[in-house]
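Chains A and B are the protein sequences, given in the same order.
Sequential numbering from 1 applies to the first sequence in full-length UniProt numbering.
Sequential numbering from 1 applies to the second sequence in full-length UniProt numbering.
Misleading hints may appear alongside valid ones.
Okay, the calculated bits of chain A under chain B, using three or more residues with CB under 8 Å as the criterion [to be verified]: (1) 72-82; (2) 234-243; (3) 283-294; (4) 339-351.
No lab work stands behind these hints, which were simulated from the structure alone.
Remember, predicted model here, so these are calculated numbers, not experimental data.
Note that the Cβ used here is the ideal one computed from N, Cα and C, for glycine as well.
2 protein chains.
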Amino acid sequence: MAETEPREALTLEDLADVWHVLSPEDRVAGFRLLPRSEAEEFFLSHDARDQAALLRALPPEEQRSWARLLAPDDAADLVQALPPEAREHVLGLLDDQTRREVRALLAYAEDDAGGLMSPRYARLRPDMSVDEAITYLRRQARERLETIYYVYVLDESQRLLGVVSFRDLFAAPPGKVVRDVMHADTVAVRDDMDQEAVGRVFRETGYLALPVLDAEGHLKGIVTLDDIVDVVEEEATEDIQKLGGMEALGAPYLQIGFRRMVGKRAGWLAALFLGEMLTATAMARFEDEIARAVVLALFVPLIISSGGNSGSQATTLVIRAMALGEVRLRDWWRVARREIGAGLALGTTLGSIGFLRIVIWQAVRPVYGPHYLLVASTVFCSLVGVVTFGTLAGSLLPFLLRALKLDPASASAPFVATLVDVTGLVIYFTTASAIMTGTLL
Amino acid sequence: MAETEPREALTLEDLADVWHVLSPEDRVAGFRLLPRSEAEEFFLSHDARDQAALLRALPPEEQRSWARLLAPDDAADLVQALPPEAREHVLGLLDDQTRREVRALLAYAEDDAGGLMSPRYARLRPDMSVDEAITYLRRQARERLETIYYVYVLDESQRLLGVVSFRDLFAAPPGKVVRDVMHADTVAVRDDMDQEAVGRVFRETGYLALPVLDAEGHLKGIVTLDDIVDVVEEEATEDIQKLGGMEALGAPYLQIGFRRMVGKRAGWLAALFLGEMLTATAMARFEDEIARAVVLALFVPLIISSGGNSGSQATTLVIRAMALGEVRLRDWWRVARREIGAGLALGTTLGSIGFLRIVIWQAVRPVYGPHYLLVASTVFCSLVGVVTFGTLAGSLLPFLLRALKLDPASASAPFVATLVDVTGLVIYFTTASAIMTGTLL
């Protein structure tokens, strides 16, 4: 419901619509065609990367007013999105207070609570009356605070005593003092807490903002829920891309440069390829068996892809459950028991399908020779073994990686693929030897 | 920073810590040991599924007060999490107004804006003065509204005229009327808009709440940002699980029943298996070639897994970019051009590694016979072809599925795997025939 009069000029919607297909030059040209107020809205709604690109492309005399539109946490993000040599110049565009705040924020890692927080929060003393507090906040509301809806009650040394929602204050009898209406039992996060953990605290508490404390309990800033939506989405994108077998791109697909994108994909692809070379070594060990019973080779892709698929299911489930905090390191045994059961059930299902397929096919067109029942039994037993192994390995590797302090998402997919393919071949050919020696082999 | 005195009783943190390993009975027992105020906090912080399970396990005389703790949108979610036969009973526990509101909400699909919204928003008339408005809101603040921080300005027929943030109102000169300080150019969503699209509007605007309108522009409720964090996470989990080659579980990993979990995995695994059976058919067509040159079989797993891995990278990237709105249907040709380039670059890289590996290995231990250069060339050419094909197929299938109105995430992974494996075998053996006929074949 954006009620706007018809007009000739470029609108915000027009520009947003074509933004992702424009060249950097056309973006700046389009941006400068917008009326100032729409351009501001457009600028503020974009992420730090786009803002940095726009800012750098504008003529020097226009840059200051755009840089100063930003709250300190957003300005810090923009500075971080700049190449190192451009950072001091942009810091120089800010007013003194903001520059100080931005420098303080830049000291934190980008994905810690400290790197997400804004230092501009509304504050009160505990001994103010509710009416004094409301008047005082009415003055603070005109400042550029992140939110006035949560108000933090501090002692003289900036230690957090409690928090009061604006709404509580507003609904309280005017005579009470802030200490009486505030919640002393405040949920807070530490400035060095990882952003994923901060996201979990938001999810558990349902608050719109959380205070960020240093090790001594001093209030350093607040993190607001809108920052967390981006974090949640970003983390999910990273995990999805890592599970897809590559480095996280760290930029939108159509915006990242071709060489960088290929680089982020080639590394893992080459690592996977080197791992998969072990399959050629494994196959070479069974070259005699294949030469004697070529029929065995026919089912190699089927067997190893089934192991890979079941391993990938298990890995995906466990990694996502870990990311959501549903599964912890100490749950490994519960997960293992579950997955052994699941692997046996799934392996038996696939094995039965495979067995039936060979038997039925043979009845229609006898391609598997007189010993087709041995072939079918080999396929059945191998599938049970391979799928169970794939499922178990896929579910336990994330635990192992986490225990070794590695990121489960980025390493599991390739490890599982290689491990399961190589082991799958060994299981298959060993089963074949056991079943077929004396007949086909 | 949860400052609590030491005490003997079970605390909220204790219970939360062990919650996910408790049986349903132990959960209820533990829950009933909490002091009432902690139990309420605990109840409210859980999702609808847990709330429904707890509520049903409590004795009938205690259920009413728990059901009435919930705001109408949360109550509607809880009712939806109940088995159909239990719904009327729980609706009967609510007060009349809430029950009416919940029934209205239940008419919407769970994943539409209408299914997410709360009907309890703060409202004003346009001709009130700012001071009157603040006094009026102070009264509304004591009611159970979702938020008082965005206030919606309605005409007599409940049509939305504009929105004013509480903060604007608070900072405005007292003599002005609401119409002067409100924003008429309001961003709103339709009640039948999909929740993913609602998430994107939140991301683009950065607001804490959005009004939900019906087709005639009447305000039906509001969606708040905290609902969207859950939605974003849920959608990411679904996409991750689908990309992992299974149906989305729809419940936390350790909580879903074993049979349901295996069912959600067995379906896709069996579909993938049936598709992969085509590889056995494809291999059978080349049985003579394998019999003549067993060395060819050794590289089958390596070749097809490289095609699968590169296809999986491309599919994952495109599907995530689609989910984030970075890539749209009409971008297919830009993506295809990019991915052909990426595929050629990646294929050449892997092919070169493969070629070198065979040549170096042969120098160390001559296992590939006198024609090892032909084998190495076959592997090189096949990898360029297979990886390029895998990359292109992986990137374009999501577009095809989306154009056919199917969910790209749930179908691409299996299709790509099967397509690329079968085509990979054909490419490999055809290349081998072309290069080796007259020598090895």
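Hints, one by one, checked against the model:
1. Only when three residues or more bring their CB closer than 8 Å to a CB of chain B does the claim for the segment 72-82 of chain A stand; here the count is 0, and the claim is violated.
2. For the segment 234-243 of chain A, the stated coverage by chain B is satisfied: 6 residues place a CB nearer than 8 Å to a CB of that chain, which reaches the threshold of 3.
3. Counting residues of the segment 283-294 of chain A whose CB lies closer than 8 Å to any CB of chain B gives 6, which reaches the minimum of 3, so the coverage claim holds.
4. With 6 residues bearing a CB less than 8 Å from a CB of chain B, the segment 339-351 of chain A meets the requirement of three and the coverage assertion stands.
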